[in-house]
Amino acid sequence: MSPVLELADLSVRYGGNRVLDIGALSLGQGEVVGVVGANGAGKSTLVNAALGWSRGAAKVSGRIALCGRDISRMPVQKRVGEGLCLIPEGKLIFGTMTVEENLAEGEDEPGDGRRTYGVDDVYALFPRLKERRGHLGSQLSGGERQMLGIGRALRLAPLALLLDEPSIGLAPKLVVTVLETVRELCADGLSVLLVEQNVKAAIAVVDRMILLERGRIVLEGPAAEMKDNPRIAEAYLGAQKR
Amino acid sequence: MNVGQQIINGLVLGHSFALVAIGWTVLLGVARLVNFAHGQMYMLGAFVTWAAIAEFGLPYMLAVPFSMVVGIMVGFLMQQVLLRLTLKQDLVSIMIVTLGFGHVLHGVAALVFGSTGQILDTPFSTKNVYYGDLWFTWQDVAIVMVAVIVFIALKTVLEKSRLGRIARMVAEDPKLALLGGIDVRKVYFGVFAFEGAAVALAGAVIGPRTPILTSMGFDEVIMTFVVVVLGGIGSVWGSYLAGISLGLFTAFFGALVSPAYTTPAAFLVLIAVLVLRPGGLAAKPGGH
Ligand SMILES: Nc1ncnc2c1ncn2[C@@H]1O[C@H](COP(=O)(O)OP(=O)(O)OP(=O)(O)O)[C@@H](O)[C@H]1O
Ligand SMILES: [Mg+2]
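Just so you know, the sequences run in chain order W and R.
Each step along the first sequence adds one to the number in our numbering, with nothing skipped, and position 139 is 139.
Each step along the second sequence adds one to the number in our numbering, with nothing skipped, and position 195 is 1195.
The set of hints was computed from the structure by calculation and includes no laboratory data.
As the structure is a computational prediction, the values presented were derived from the model and not from experiment.
Here a beta-carbon is modelled for each residue, glycine too, at the ideal position from N, C-alpha and C.
Please note that the accuracy of each hint is not assured.
Pair by pair, the computed Cβ-Cβ distance ranges are [unchecked claim]:
#1 R:L1062 x W:G134: 41 to 49 angstroms
#2 R:L1163 x W:R73: 23 to 31 angstroms
#3 R:G1057 x W:D120: 56 to 64 angstroms
#4 W:T181 x R:V1157: 29 to 37 angstroms
#5 W:G90 x R:S1115: 50 to 58 angstroms
#6 W:R183 x R:Q1080: 45 to 53 angstroms
Listed next, the in silico DSSO-like pairs over lysine-lysine satisfying Cα-Cα at most 27 angstroms (straight line) [as the list claims (entries may be wrong)]:
#7 R:K1175 x R:K1088
#8 R:K1175 x W:K91
#9 W:K59 x R:K1175
#10 R:K1186 x R:K1088
#11 W:K173 x W:K91
#12 R:K1160 x R:K1186
#13 W:K227 x W:K173
#14 R:K1160 x W:K91
#15 R:K1088 x W:K78
#16 W:K91 x W:K200
#17 W:K78 x R:K1186
#18 W:K200 x W:K173
#19 W:K91 x W:K78
#20 W:K78 x R:K1175
#21 W:K173 x W:K130
#22 W:K91 x W:K130
#23 R:K1186 x W:K91
#24 W:K59 x R:K1088
#25 R:K1175 x R:K1186
#26 R:K1186 x W:K59
#27 R:K1160 x W:K78
#28 R:K1160 x R:K1175
#29 R:K1186 x R:K1155
#30 W:K91 x W:K59
#31 R:K1088 x W:K91
#32 W:K78 x W:K59
#33 W:K200 x W:K227
#34 R:K1175 x R:K1155
#35 R:K1160 x W:K130
Some chain R residues close to chain W (C-beta under 8 angstroms, calculated; not the full set) [said to hold, decoys possible]:
#36 R1165
#37 R1168
#38 M1169
#39 E1172
#40 D1173
If we strip away everything but chain W, and leave its shape as in the complex, we get (with noise of 0.2 angstroms):
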């Protein structure tokens, strides 16, 4: 069986300067991938390209299949509805709309026997967004927004899931929460792309984790061993400094 996701030759450059260089990456279904290193380092980059995303200007060039198919010529949405979903970076909830009216777009029978979640199966997941349904997007809380933006993405019945820095912002007890609902997620099949700064907090629900540096895949390998990497402790304590 092919991957959920592979990337191949992905390369990313901002008018003339290239800011990402992955020979190859793949991801398995069920898997988590833990995506680490220092501010700067290409990570949202590297989450962003396999959309073909970018709030810039990113030119983006590589093979990107999912499920075994080339999807790197398709616009953004058209990835998205193949079950390829972000969860981007900083703005990732709609502020002028209710926690419900941000959860309403979505795939309720998407037909190709993907698993789908409906608005419940999120409320279910994080109780507290039930609670919130009536609130606007801009009355949340950081850890509500987080958990909004796996909610919204969950509706669109995803295959893989990219996340970037879930936890930033969040207190400690919570980005465990979050994660270990990520780990949860993964039970049921879904495939799990994981940008994360805290290390510790990554390394406990990862499958395999990678470090990039400048661009580039400088380390890769299953969590138990990276957990013990010198080079690993490096870049997680680069992380604590921040």
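Starting from the known structure of chain W, arrange chain R with the ligands on it as the hints suggest.
Using the frame of chain W, we list chain R with the ligands on its own:
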């Protein structure tokens, strides 16, 4: 001065302003776009309606939707030309291109319809209503009714329907809407189609009030600008209220001072409002 008559004039005028402006309200509120060919599209709406009646012998009630379909086609054509600029949100270029498009429309209309004035007679415009010392036509009633219906329909669609929700997603953050699987281009096309249909409807319904000329349209786009900015960019209720206020202001200013200075006076009000309430009358983040 007959106060009752000025109130009626003001309300009719106000609903005309609001109806002419509604396409722009959506354009600016949802797509963050401007269209300086708006006035010429209004002119075209009136002339297509006139031609449908005078040349093709269509009844008025069929000429109106016919004109709206032509308006949609013009909107589509424009968006096709503008799409790359739209996706880049290059407002300055969009301004210039639409301004140019307006002049092209004017030229084409003058070629096709000639440069002499025409009267767009409808079954309603020739029927007067007298009530004491008050006077209006059934066309005036039609203007108010159409404006109210269009505003309520728009408000309902924007707030209650999936289409409206998608439009609001694009309005707030088109990039994030893409991640929600929304085809943002389609929304932009839809917005331009609405703009084309709405302004053609305005031309078809308001045109009968005065003789129509292919050179008209500049006043309309200026007034639209005032209404949309005064109402708080993108706000549907704001535009409606601003249109009515501007209509009443114009009627009373015209009766008390002089009709010749209403446009400069309207701009003075606009400047004052913008300085005091920078977001417009119905200022609210996100609009609507
Ligand atoms: N819009 C942009 N225009 C130009 N350069 C950019 C843009 N966005 C990112 N870059 C550059 O690309 C590189 C990678 O940035 P990226 O945002 O992917 O880093 P990151 O690993 O996600 O960092 P962080 O941990 O701070 O989120 C950086 O050198 C950054 O300066
Ligand atoms: Mg980042």
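Results of checking the hints against the structure:
{"no.": "1", "hint": "R:L1062 x W:G134: 41 to 49 angstroms", "verdict": "holds, 45 angstroms"}
{"no.": "2", "hint": "R:L1163 x W:R73: 23 to 31 angstroms", "verdict": "holds, 28 angstroms"}
{"no.": "3", "hint": "R:G1057 x W:D120: 56 to 64 angstroms", "verdict": "holds, 58 angstroms"}
{"no.": "4", "hint": "W:T181 x R:V1157: 29 to 37 angstroms", "verdict": "holds, 36 angstroms"}
{"no.": "5", "hint": "W:G90 x R:S1115: 50 to 58 angstroms", "verdict": "holds, 55 angstroms"}
{"no.": "6", "hint": "W:R183 x R:Q1080: 45 to 53 angstroms", "verdict": "holds, 48 angstroms"}
{"no.": "7", "hint": "R:K1175 x R:K1088", "verdict": "holds, 11 angstroms"}
{"no.": "8", "hint": "R:K1175 x W:K91", "verdict": "holds, 10 angstroms"}
{"no.": "9", "hint": "W:K59 x R:K1175", "verdict": "holds, 16 angstroms"}
{"no.": "10", "hint": "R:K1186 x R:K1088", "verdict": "holds, 15 angstroms"}
{"no.": "11", "hint": "W:K173 x W:K91", "verdict": "holds, 22 angstroms"}
{"no.": "12", "hint": "R:K1160 x R:K1186", "verdict": "holds, 20 angstroms"}
{"no.": "13", "hint": "W:K227 x W:K173", "verdict": "holds, 21 angstroms"}
{"no.": "14", "hint": "R:K1160 x W:K91", "verdict": "holds, 24 angstroms"}
{"no.": "15", "hint": "R:K1088 x W:K78", "verdict": "holds, 20 angstroms"}
{"no.": "16", "hint": "W:K91 x W:K200", "verdict": "holds, 25 angstroms"}
{"no.": "17", "hint": "W:K78 x R:K1186", "verdict": "holds, 13 angstroms"}
{"no.": "18", "hint": "W:K200 x W:K173", "verdict": "holds, 13 angstroms"}
{"no.": "19", "hint": "W:K91 x W:K78", "verdict": "holds, 21 angstroms"}
{"no.": "20", "hint": "W:K78 x R:K1175", "verdict": "holds, 14 angstroms"}
{"no.": "21", "hint": "W:K173 x W:K130", "verdict": "holds, 20 angstroms"}
{"no.": "22", "hint": "W:K91 x W:K130", "verdict": "holds, 21 angstroms"}
{"no.": "23", "hint": "R:K1186 x W:K91", "verdict": "holds, 23 angstroms"}
{"no.": "24", "hint": "W:K59 x R:K1088", "verdict": "holds, 15 angstroms"}
{"no.": "25", "hint": "R:K1175 x R:K1186", "verdict": "holds, 14 angstroms"}
{"no.": "26", "hint": "R:K1186 x W:K59", "verdict": "holds, 23 angstroms"}
{"no.": "27", "hint": "R:K1160 x W:K78", "verdict": "holds, 26 angstroms"}
{"no.": "28", "hint": "R:K1160 x R:K1175", "verdict": "holds, 23 angstroms"}
{"no.": "29", "hint": "R:K1186 x R:K1155", "verdict": "holds, 20 angstroms"}
{"no.": "30", "hint": "W:K91 x W:K59", "verdict": "holds, 21 angstroms"}
{"no.": "31", "hint": "R:K1088 x W:K91", "verdict": "holds, 19 angstroms"}
{"no.": "32", "hint": "W:K78 x W:K59", "verdict": "holds, 18 angstroms"}
{"no.": "33", "hint": "W:K200 x W:K227", "verdict": "holds, 9 angstroms"}
{"no.": "34", "hint": "R:K1175 x R:K1155", "verdict": "holds, 24 angstroms"}
{"no.": "35", "hint": "R:K1160 x W:K130", "verdict": "holds, 20 angstroms"}
{"no.": "36", "hint": "R1165", "verdict": "holds, 6 angstroms"}
{"no.": "37", "hint": "R1168", "verdict": "holds, 6 angstroms"}
{"no.": "38", "hint": "M1169", "verdict": "holds, 6 angstroms"}
{"no.": "39", "hint": "E1172", "verdict": "holds, 5 angstroms"}
{"no.": "40", "hint": "D1173", "verdict": "holds, 6 angstroms"}
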